[in-house]
Amino acid sequence: MSSSDTPDTDVTEAEAVEVDELREGVVARLREVLGDGVVEHHIVPNCDVWIRIRPDAWQAAASSVRYTLGARQFGFLSAIDWQPSPWRRYMDSEVDKAVHGDEPKPLPEMTTGYAGGETRFQVFARVANIIEHWGVTLKVDAGDTDPAVDTWTKVYAGADWHERETWEMFGVRFEGHPFLRNIYLPSGFEGNPLRKDYPLLSRFTKPWPGIVDVEPMPGTDEEPSSEEGA
Amino acid sequence: MGLGLVESGKMPKPLSKLLNLSRSYSMWVYQWGLACCALEMGAAFGAPRYDVMRLGVIPFPASPRQADLVVISGTVTDKMAPAIKRLYEQMPDPKYVISMGSCANCGGPYWDSYSVTKGVDQIIPVDVYVPGCPPRPEALLEGVVLLQQRIKDEDIGARWRGEPIVVE
Chain A
428 MSSSDTPDTD VTEAEAVEVD ELREGVVARL REVLGDGVVE HHIVPNCDVW
478 IRIRPDAWQA AASSVRYTLG ARQFGFLSAI DWQPSPWRRY MDSEVDKAVH
528 GDEPKPLPEM TTGYAGGETR FQVFARVANI IEHWGVTLKV DAGDTDPAVD
578 TWTKVYAGAD WHERETWEMF GVRFEGHPFL RNIYLPSGFE GNPLRKDYPL
628 LSRFTKPWPG IVDVEPMPGT DEEPSSEEGA
Chain B
145 MGLGLVESGK MPKPLSKLLN LSRSYSMWVY QWGLACCALE MGAAFGAPRY
195 DVMRLGVIPF PASPRQADLV VISGTVTDKM APAIKRLYEQ MPDPKYVISM
245 GSCANCGGPY WDSYSVTKGV DQIIPVDVYV PGCPPRPEAL LEGVVLLQQR
295 IKDEDIGARW RGEPIVVE
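Line by line, the protein sequences are chains A and B.
Position one of the first sequence corresponds to residue 428 (the working numbering), numbered consecutively onward.
Position one of the second sequence corresponds to residue 145 (the working numbering), numbered consecutively onward.
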């Protein structure tokens, strides 16, 4: 998911001449309908296709892929918070600090995966045409603060619960959704747990213990902690 | 059971023993399967290898109102907690709780989660904790045996005279 846009060179050299007509056609047909609503796309030949949609064309994209391109099956809808975790080594275990050093890791650059992106939050959805045997992942930039996109529930009724989950987990508002309320979390839950800056409060009082074997191996008398400290 | 014996809190020992014996070998267990431990509980309770009915525990009552014992097996989430409390309150006294597995005991591997209740004993009183992730069927059956031992040693007058246990 977090891999960059640069494709694997071995694959591209071997399949440089190969053109995935099916998926190129999907992108071309979508561009025909949406015009410049399609920002960017990425095709892995004979595998998959990712298309980034302009935010104001997000709902039009749904009806286009469903009614024009025939992608009648709605897979899922969710979001990604691309911001690197601001906690870095804050909640790391003593063991990890001993292995990797005590100084904080440098904050990595924010990447936005296939088909790019400009904002911290992206909403993405998967639809498939089960007659022509292709699926497509549509993405849209949702914004950096107070993210919001249009709802898909008017086109795909099944998007209702997915959007409620995305709303409570990432805080992405879906304009026009019939009733955004908690689905997995208790009502009145505060915060958006899947945001990268959401703190795990338990770890403030008890740091993550790290992956350690607390029991010594049979036949060894040494304490495992002394081995780790060495 | 008249004679004012229960009300006075003075049960003759042979009578207590007889009643406790009967109760301990006819426990109707209401099962609350919440996660993967539920399958382990099914294997321990229902499957022929570890059949729990030979211990006098009767699984599958139709309602918590018929049950004497509830086995909380699996991860208790904050969303599920009110339902657990409500159905526990529907069980008739005397009632017992077995907490099965690390998740129900203390949160287990989800100790730092935002949504998991760190132990079912935060909402209802627990009689027996069965550790393990998941516990072996033998462990769960031993938990049942320990609970039966506890019931047999109970002062039935005190139990029935006393106020119901309330955890706030």
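Quick caveat, the hints were computed from the structure, so don't treat them as lab data.
From a predicted model like this one, the values you see are computed outputs, not experimental measurements.
No residue lacks a Cβ here, since even glycine has one placed at the ideal position from N, Cα and C.
One or more of the hints may lead you astray.
Stated by the list, open to error - Here are the simulated distance ranges between beta carbons:
#: 1; chain 1: A; residue 1: A575; chain 2: B; residue 2: D222; range: 49 to 59 Å
#: 2; chain 1: A; residue 1: Y611; chain 2: B; residue 2: S207; range: 24 to 34 Å
#: 3; chain 1: B; residue 1: D222; chain 2: A; residue 2: M537; range: 26 to 36 Å
#: 4; chain 1: B; residue 1: S259; chain 2: A; residue 2: Q510; range: 53 to 63 Å
#: 5; chain 1: B; residue 1: A283; chain 2: A; residue 2: N609; range: 34 to 44 Å
#: 6; chain 1: B; residue 1: P158; chain 2: A; residue 2: F616; range: 52 to 62 Å
#: 7; chain 1: A; residue 1: Q510; chain 2: B; residue 2: L183; range: 32 to 42 Å
#: 8; chain 1: A; residue 1: P513; chain 2: B; residue 2: S259; range: 13 to 23 Å
#: 9; chain 1: A; residue 1: K623; chain 2: B; residue 2: Y169; range: 46 to 56 Å
#: 10; chain 1: A; residue 1: K633; chain 2: B; residue 2: G177; range: 21 to 31 Å
#: 11; chain 1: A; residue 1: W514; chain 2: B; residue 2: G186; range: 15 to 25 Å
#: 12; chain 1: A; residue 1: G618; chain 2: B; residue 2: S207; range: 34 to 44 Å
#: 13; chain 1: A; residue 1: P513; chain 2: B; residue 2: Q266; range: 22 to 32 Å
Against the range 49 to 59 Å, how does the distance between the Cβ atoms of A/A575 and B/D222 compare: consistent or not? violated, 27 Å
Do B/D222 and A/M537 keep their Cβ atoms within the hinted range of 26 to 36 Å? Cβ of B/D222 to Cβ of A/M537: about 32 Å, so the range 26 to 36 Å holds.
Hint says 21 to 31 Å; check whether the CB-CB distance for A/K633 and B/G177 agrees. Given about 29 Å between the Cβ atoms, the range holds.
Consistency of beta-carbon spacing, A/F616 to B/P158, with hint 52 to 62 Å: Given range 52 to 62 Å: holds, Cβ gap about 55 Å.
How does the Cβ-Cβ distance of A/K623 and B/Y169 compare with 46 to 56 Å: does it lie in that range? Roughly 55 Å apart at Cβ, these two residues keep to the hinted range, so it holds.
For the hint 15 to 25 Å, verify it against the beta carbon of A/W514 and that of B/G186. Given about 40 Å between the Cβ atoms, the range is violated.
Verify the CB-CB distance for A/Y611 and B/S207 against the hinted window 24 to 34 Å. Holds: the Cβ-Cβ distance is about 27 Å, inside 24 to 34 Å.
Just to be sure I understand the hint, the distance between the Cβ atoms of A/P513 and B/S259 should be within 13 to 23 Å; is that true here? holds, 21 Å
Assuming the hint says 34 to 44 Å, is it satisfied by the Cβ distance from B/A283 to A/N609 or not? Holds - the Cβ-Cβ distance for B/A283 and A/N609, about 36 Å, lies within 34 to 44 Å.
Beta-carbon spacing of A/Q510 to B/L183 - inside the hinted bounds 32 to 42 Å or not: Since A/Q510 and B/L183 have Cβ atoms about 38 Å apart, the given range 32 to 42 Å holds.
Please test the hint of 22 to 32 Å on the beta carbon pair from A/P513 and B/Q266. Holds, since A/P513 and B/Q266 (Cβ atoms, about 31 Å apart) stay within the stated range.
Cβ-Cβ distance between B/S259 and A/Q510: within 53 to 63 Å? violated, 22 Å
Checked against the numbered hints above, the structure violates hints 1, 4 and 11; every other hint is satisfied.
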